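J.: Protein sequence lines correspond, in order, to chains G and D.
The working numbering numbers the first residue of the first sequence as 1 and each following residue consecutively.
The working numbering numbers the first residue of the second sequence as 1 and each following residue consecutively.
There could be a bad hint or two in this list.
Restricting the straight-line Cα-Cα distance to at most 35 Å, the calculated cross-link-like pairs of lysine-lysine (DSBU-like) are [to be verified]: (1) Lys170(D) x Lys236(G); (2) Lys258(G) x Lys8(D); (3) Lys87(D) x Lys76(G); (4) Lys170(D) x Lys54(G); (5) Lys199(G) x Lys87(D); (6) Lys115(D) x Lys199(G); (7) Lys236(G) x Lys247(G); (8) Lys150(G) x Lys115(D); (9) Lys87(D) x Lys236(G); (10) Lys54(G) x Lys87(D); (11) Lys5(G) x Lys199(G); (12) Lys54(G) x Lys142(D); (13) Lys172(D) x Lys54(G); (14) Lys8(D) x Lys337(G); (15) Lys115(D) x Lys76(G); (16) Lys247(G) x Lys199(G); (17) Lys54(G) x Lys130(D); (18) Lys135(G) x Lys172(D); (19) Lys150(G) x Lys130(D); (20) Lys150(G) x Lys172(D); (21) Lys8(D) x Lys192(G); (22) Lys251(G) x Lys142(D); (23) Lys142(D) x Lys76(G); (24) Lys247(G) x Lys258(G); (25) Lys236(G) x Lys135(G); (26) Lys115(D) x Lys192(G); (27) Lys150(G) x Lys87(D); (28) Lys251(G) x Lys236(G); (29) Lys87(D) x Lys192(G).
What the hints contain is simulated information worked out from the structure, not anything from laboratory work.
Note that the coordinates shown come from a computational prediction; the quantities given were computed from them, not determined experimentally.
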Amino acid sequence: MDLDKLTSRSGEWLRGAGPESDIVISSRIRLARNLADYPFISRATELDRAEIEKILWEALTATSEPGELFYFDVNKLGGLDRQLLVERQLISREHAESEGARGVAIDSGERTSLMINEEDHLRIQVMHSGLDLEKAWQRINDLDDRLESKVTYAFDTRLGYLTACPTNVGTGMRVSVMLHLPALVLTRQIEKVFRSLHKISLAVRGLYGEGSQAMGDFYQISNQITLGSTEEALIKQVADVVPELIKYERKARDFLMKEGHENLHDRVSRAYGILSTAQTISSEETMHLLSSVRMGVQLGLLTDVALPTVNELFICTQPAHLQKISGVELDTADRNKARATLLRRYLSRHDNETSAEHN
Amino acid sequence: MQCQECDKTATFHITELAGGKPQEVHLCEDHAREYLSHGQEEQPAAPTLAGVLAHQLAIGQTAEDLARLDKRTCPMCGISFYEFRDKGRFGCPHDYVCFADELEALLANIHGETKHVGKCPQHSATDSAKQTELIRLRREMKNAISAENYERASTLRDEIRQIEAEVGEKQKTDRAGEEGGE
Ligand SMILES: [Zn+2]
Ligand SMILES: [Zn+2]
């Protein structure tokens with residue numbers, strides 16, 4: 001797997017396919033696991049870390065098809081490559097920024113990623129486009145079983161899988177669904193939705209950060225507790241609220257179309273106008289405007305650009321992607337210029353293609 | 001377009017529905033964040049680990065009790081209770097045993113439950129006591145090397161190898177037995 005070539009694809013999480021993919025971006029499950037005979041990461045020596053990495057990578061190799069997984073030694077990767085993996089949701093920011101022996105194994109479809117020596121010895125993650133927790137669970141459960149036939153996990157019959165942080169103990173499982181909720185943000189109903197989710201102990205996070213204003217109106221809903229429920233029950237808890245959120249978002253979109261059609265049409269058209277003509281533009285503004293454009297395309301208010309192009313732009317305008325595509329490292333000011341150039345090229349390229357087809 | 005609250009560029013255009021008729025509000029990123037987050041105060045913040053712990057330890061504990069508890073360490077990895085509560089991360093699987101009493105209330109607070117009911121490994125830990133022992137032995141060997149006590153280090157290394165071999169062998173026969181039985 002060539003990291004430089006990844007930039008030409010959207011990756012699994014922004015592929016824009018799968019059930020309910022107009023609103024549900026991706027479904028993700030991760031399991032936290034540790035080896036029974038090594039200290040957790042905070043007390044592990046460099047030698048321990050190297051041994052853990054070796055044991056887990058050997059177990060992975062032994063239980064997967066040749067060529068199924070690609071291993072990256074994150075400790076040796078350059079900063080830009082690490083950032084690229086973060087932007088593609090394949091490793092966490094913490095994993096990119098920490099130190100010492102650590103790595104990640106990724107499958108060619110970018111659905112599976114296994115981080116070694118993150119907060120726990122092993123973090124298995126499976127991601128599917130759209131709303132598809134069921135398939136994600138089948139896949140991750142199988143991966144976990146296969147690995148467990150080769151290594152001994154730290155497990156206690158009363159407390160379950162033992163993790164570095166007691167907030168993950170038990171199932172070690174985090175189930176999350178990423179949603180695009182621009183209309184709920186626009187109509188200021190998003191905070192109300194969050195409050196009701198907190199009441200049933202679900203966590204809400206924006207994309208790329210912990211703040212309350214999510215970048216590009218992407219929000220991730222996930223379970224907060226990991227102990228005392230079965231995996232299936234935890235999945236159901238998240239899966240049950242998603243249709244409700246989809247319904248709210250659709251209702252808000254309907255409302256905007258009926259009651260504020262002119263405003264909405266103006267907003268998405270302006271967003272498109274800025275994106276297709278700007279000479280310099282920040283990542284935040286790009287995400288924000290792309291969010292409007294994405295909704296505009298889905299509501300039929302914008303026909304100049306196709307949805308896959310919009311999805312692709314969300315990812316390839318990120319800082320590391322932009323620098324990989326440019327082939328040089330760029331400072332913020334140059335990135336803003338390169339981003340505007342890329343946006344103009346993508347958005348006008350599409351226009352040309354469409355008109356060429358009509359001729 | 002300029003932010004309504006300052007002279008930065010407005011990048012957030014929010015439609016306000018509260019008045020019945022949609023109304024547009026134009027704000028910069030900072031002001032939009034402030035605007036969207038007001039009314040958020042009622043939202044109970046998700047309990048943080050440190051917060052829960054601090055609250056829990058404050059109940060029925062004297063300062064001396066706390067100081068004594070903070071000094072307690074895990075015999076396997078050497079982490080002190082203070083380090084755990086300071087960083088919110090355990091040092092090894094044995095900490096769940098050695099700080100079990102303090103943990104019980106903490107887990108109930110975080111998860112509302114204290115017992116695992118989910119998936120279990122198909123191959124149960126062959127000999128968890130021995131595996132935990134490896135964590136201690138490896139740490140002692142490292143300390144012996146730093147202290148240039150090579151004789152002790154070499155004894156420890158032999159002990160580690162022996163346990164590793166035993167555990168590995170037992171694991172192999174256990175799993176071979178299971179597979180053969182299928
Ligand atoms: Zn402002
Ligand atoms: Zn310990």
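J.: Quick check: which numbered hints come out false for this structure?
T.: Hints 1, 11, 15, 22 contradicted; others consistent.
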